[in-house]
Amino acid sequence: MPVDAKHLAARRELAQGISAVERPGPAANQRIQEALAASAADARNALVVGLTGAPGAGKSSLAAALADVARAGGRRVAILAIDPSSHESGGALLGDRVRIDEHPDDDGRFTRSIATRGSGRSLAHVAAAATILVEAAGFDLIFVETVGAGQAEISIARLADVLLVVEGPEGGDEVQAMKAGILEVADIVAVNKSDRPGAQAAFDRLRSGLALGAGAPPLALVSATAGAGISELLATIDDLGAGRGVRGRIRRVEAHLVAAAESHVDAQVREATASGALTTRAEQIVVGAQPLTGSITALFGISETPDA
Amino acid sequence: MAERTTPIRVLIAKPGLDGHDRGAKVLARGLRDEGFEVIYTGLRRTVDAIVAAAIEEDVDVVGCSILSGAHATLLPKLVANLRASGASDVLVVAGGIIPEADRPELEQAGISGIFGPGTTIAEVATFLRANARRR
Numbered sequence: 001m002p003v004d005a006k007h008l009a010a011r012r013e014l015a016q017g018i019s020a021v022e023r024p025g026p027a028a029n030q031r032i033q034e035a036l037a038a039s040a041a042d043a044r045n046a047l048v049v050g051l052t053g054a055p056g057a058g059k060s061s062l063a064a065a066l067a068d069v070a071r072a073g074g075r076r077v078a079i080l081a082i083d084p085s086s087h088e089s090g091g092a093l094l095g096d097r098v099r100i101d102e103h104p105d106d107d108g109r110f111t112r113s114i115a116t117r118g119s120g121r122s123l124a125h126v127a128a129a130a131t132i133l134v135e136a137a138g139f140d141l142i143f144v145e146t147v148g149a150g151q152a153e154i155s156i157a158r159l160a161d162v163l164l165v166v167e168g169p170e171g172g173d174e175v176q177a178m179k180a181g182i183l184e185v186a187d188i189v190a191v192n193k194s195d196r197p198g199a200q201a202a203f204d205r206l207r208s209g210l211a212l213g214a215g216a217p218p219l220a221l222v223s224a225t226a227g228a229g230i231s232e233l234l235a236t237i238d239d240l241g242a243g244r245g246v247r248g249r250i251r252r253v254e255a256h257l258v259a260a261a262e263s264h265v266d267a268q269v270r271e272a273t274a275s276g277a278l279t280t281r282a283e284q285i286v287v288g289a290q291p292l293t294g295s296i297t298a299l300f301g302i303s304e305t306p307d308a
Numbered sequence: 001m002a003e004r005t006t007p008i009r010v011l012i013a014k015p016g017l018d019g020h021d022r023g024a025k026v027l028a029r030g031l032r033d034e035g036f037e038v039i040y041t042g043l044r045r046t047v048d049a050i051v052a053a054a055i056e057e058d059v060d061v062v063g064c065s066i067l068s069g070a071h072a073t074l075l076p077k078l079v080a081n082l083r084a085s086g087a088s089d090v091l092v093v094a095g096g097i098i099p100e101a102d103r104p105e106l107e108q109a110g111i112s113g114i115f116g117p118g119t120t121i122a123e124v125a126t127f128l129r130a131n132a133r134r135r
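Those sequence lines, one after another, are chains P and L.
Position one of the first sequence corresponds to residue 1 (my numbering), numbered consecutively onward.
Position one of the second sequence corresponds to residue 1 (my numbering), numbered consecutively onward.
Everything hinted at is true.
Residues of chain L clear of chain P, computed beta-carbon distances all greater than 10 Å:
id, residue
1, Ala101
2, Ala109
3, Gly113
4, Thr120
Beta-carbon label-pair distances, calculated as ranges:
id, chain 1, residue 1, chain 2, residue 2, range
5, L, Ile121, P, Gly243, 46 to 54 Å
6, P, Glu13, L, Ile121, 27 to 35 Å
7, L, Ala130, P, Ser295, 41 to 49 Å
8, P, Gln30, L, Ile97, 41 to 49 Å
9, L, Arg135, P, Ala274, 23 to 31 Å
10, P, Gly56, L, Pro117, 30 to 38 Å
11, L, Gly116, P, Gln200, 49 to 57 Å
12, P, Ala40, L, Arg135, 26 to 34 Å
13, L, Ala130, P, Pro197, 47 to 55 Å
Read the hints as simulated data drawn from the structure, not as lab findings.
Note that the Cβ used here is the ideal one computed from N, Cα and C, for glycine as well.
Assemble the whole structure, with the sequences as input and the hints as a guide.
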């Protein structure tokens, strides 16, 4: 049966909206504002689940497995998969769809690959805006999968209602589990690939490492590809996200505002680096021709007002 | 014409049943290095799945790699379904083993570029930059 064109129209509108907010400016903000109004009017209350963890831990497969279980339960599910842009070319290879089964006839699913573009971080600046649009389009459960830079991944914690850290069977020892960073902000940690040797040992190491601190997050041992422990993991995620209410949407707008500020600074740093202004300024400071005082924006010559 | 402010988005798809995706992967990687955002879908996708992915990813270009000989049926169907879904401004190009004799018919059906063995990445990139929609 051919894909019903009308049926794809809603997904197309959402897809074009995400492209529109990827181009920052007044039109993008207008669209975000409209989406927020629509979500408020329809009393939407999407659960945004962040997935982060080292490359190869199985974030895409786990997001897909969780999405399948949730969709089977009648929920409308979206996956936003973020991959890095090349600093050299500005291009990106977005390969997460390889691990996500296509469901062309199902309007209750939506998958979008997002490149980090100007963001030198592991979350694209547009990620928060995209979740706001996806929620307004009526998706109840939104998975946001990060680049997976490892420990220094805090912006996803700001955006997600529930942050799931995914570890592979080789990942982590007790000391790593004690280190500050992503595990501190994890709401739940899943050791994936339970069907592989070493997964149980990784789980045990992580459990004993985390148990040394107060308020350790719940731990799960799962296999995305074998489907083991996925329903239970989804149930725990739902418990953790319960009662978020309007707080979820406020959180997303906060994340968007931070992203807008970061985007502005990132662009200025890029420009100052490319033009040589940064080096010139550093040289002046080294020879004492310029004091290392004053606001950082003045030192950089950054304009104080980001474009709306 | 206005300068693009965002990278051209390209879906690289492997429709049909052949399992040879080396060419598709080389192209995906090469286009990344040329500054394109490349979405790779994996092997053996149906035409409907490729159309839905192209819509969801809001791509400017769909590039199909076909070595199975099924191009004559799959490619025109892909173009027709994209058009029916309102994505008529998406450029469709193909690579792989496509006999010279089949080309006029495919071009007639809306396949904008056909790249045989020996085509360089730079040639593909130049073609896509010249022919992808502006926005």
